[in-house]
Amino acid sequence: MADLKETTVPAAEAQAATKTAPVVLAPKKRRGFFQTVWKYKTLTLMCVPAIVFFFLFSYVPLPGIYVAFVKYNYQKGIFGSKFIGLQNFEFLATSGKLWSLTRNTILYNIAFILLGNLFAVFMAILLNEIRSKVFKKVSQTMMFLPYFISHVLIGVLVFNFLNYDTGFVNTILVKMGLERWQPYADASCWPVILVLIYLWQQSGYNSVVYFAAIMGIDGEIIEASRVDGANAFQKIRYIILPSLRPTIVILLLFALGGIVKGNFGLFYNIIGTNPLLYDTTDIIETFVYRASMTDFNFSTASAVGLYQSVIGFVIVMTVNFIVKKIEPDYSLF
Amino acid sequence: MAKVKDLDMVSSSAKVKLGASDIIVRGVGYLVTSLYALACIFPFLVILGSSFTSESYLNLHGVQLIPGDFSTEAYRAVIKSGLIWKSYIVTIILTAVGTGIGLSVIAMTGYALQRRDFPFRNGISFYIYFTSLFSAGLAPYYLIMTQVYKLKDSYLAVLLPLLMSPWLVILMKNFVKSIPHEITESGKIDGAGDMKIFTDLILPMLKPALATIGLFLALGYWNEWYQSSLFLSSRIDVKPLQYMLYETVNKTDALKNTVAGQYVVITDIPSNTVKMATAMLATGPIVLLYPFVQKYFISGITVGAVKG
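Taken in order, these protein sequences are the chains called E and D.
Here the numbering used here is used: the first residue of the first sequence is 20, the next is one more, and so on.
Here the numbering used here is used: the first residue of the second sequence is 713, the next is one more, and so on.
Note that these hints are calculated values from the structure, not bench results.
Be aware that a few hints might be false.
Here are the simulated lysine to aspartate or glutamate pairs, EDC-like style, with alpha carbons at most 20 Å apart [to be verified]:
(1) E:Lys-90 / E:Glu-109
(2) E:Lys-194 / D:Asp-781
(3) E:Lys-60 / D:Glu-897
(4) D:Lys-900 / D:Asp-912
(5) D:Lys-963 / D:Glu-767
(6) E:Lys-152 / D:Glu-767
(7) D:Lys-919 / D:Asp-902
(8) E:Lys-155 / D:Asp-734
(9) D:Lys-864 / E:Asp-314
(10) E:Lys-58 / D:Asp-734
(11) D:Lys-963 / D:Asp-949
(12) D:Lys-792 / D:Asp-829
(13) E:Lys-58 / D:Asp-829
(14) E:Lys-58 / D:Glu-897
Based on the provided sequences and hints, a complete structural model is requested.
Below is the structure:
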């Protein structure tokens, strides 16, 4: 555990150090709020731009959530529209839409989180076996490429691989004398395709954290195990994997905190507005986006958004509670 | 601070004789790493290759890594229309201005919130962090942006929301944490004000942090298409690069949606090769630059990975 902290959270060291260092604080005096502001005016001013920013773009929209409870009328504005209580929610719940969106969002995220971390750990362990620095550098650079490109480009790449007429996959199938594949008209294959794309895009990034944790393992432990006759598999099984366990647990828990938040950029650029595929690919974000930007149905969109925010909030709080129990140092607040 | 070099350091065991298991694991390591690394760049290479062919060849033979017919007609068409250069200029300005402002504000905030003698630090930290726990969602955000702030069809609607995020502020705080508090103390003893301590003593030590967070900000601006899709309508001629690409490739949405064989010919739809060429031109700078900045990127992931 100590090794892990030094590598994945080097800042924790500094924190530990400052805890023991003598704290030089002004003698405690009761002061009014404005006197305190005045005393720390420079530091306060340094925070003002950020405070204003989050106020304008995150806090001001909060009262707008009211739109979820009205029948939105463009002329009358959010607060002039007719209040209809929970009707927007009722409609979404009874039509089954809310359920199918939640199901898709959560199932995709579970697959992304579990397979993503599994593959990242796997890649980190293998990267650790590479001795050639040049090889390691070059391969890591290549692995980062998918993370640096925009979701729009990913959409372009996927379309040119999978489309019916000119797609790369179909070009090869035809050359081999096989029948063309038509994924853009077949909803059932997309869960697999999207998970593969996610792994392709994220694994270079995800493996870095695990790789850093492996680098933090005390070399002497591995050396000692070698002297004791442990082979490479035993080294991985009994030294590397156990020392990765805390990192894995923490990262999994945090990822679970975001389990109702979908990856909008990925889904929207790959699926777009293709209703043939909605059954298996429509997530909360894509639905909310279409409801707002295509149908201008802001009340429905906001109802789904609020539902998502509330569930997400409850889940994060629960996860944080659990993390606090297991490893207080890692809890969010 | 994460020493990036640490990542390259191989657990340098003295030369020990390799057992069979070592050879297997190492062999699998090289093999799988190579395959995965190649898979990461392969789609990119295929589209790059296919962008250098003629439309007629592409329609006849499909997308190939090395097409049998070399042509630069798509690139000539994209360059001739000139739209992409205007998008480049807009994107470069947005990226430079946004990264500059965002970085300054994040650095100041990160430092102030890490000062142990600053009584509001917990309150403000929570105020910022809360925005990532609970948000209004897209619809209220869109309505406020367009109806209250009147930012529809304004580049400010793209520039402002990307200036900072709770995550980047937390990342900066984590970087600042590694600077010993004694530095601030020594500045105070010398009689320097908080701003002077920050600009003269702290900022020079934050260079790696500034590089890392600047990289994340710049990448955000360069790859931005979402805010543009929300707020920039057809009344704005020049779109940021990635949204320009988005509009170019999605002009065939109708084609993409129809089941094969039911194509409607619409003449102003850009050809497939033109789309690919646009994609390559819009991505080029990133691909050329990122190998040089990825070490900052790695330090960002490791410093910001776990703790808030």
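- Message: Tell me the hint numbers this structure goes against, listed in increasing order.
- Response: 6, 7, 10 and 12
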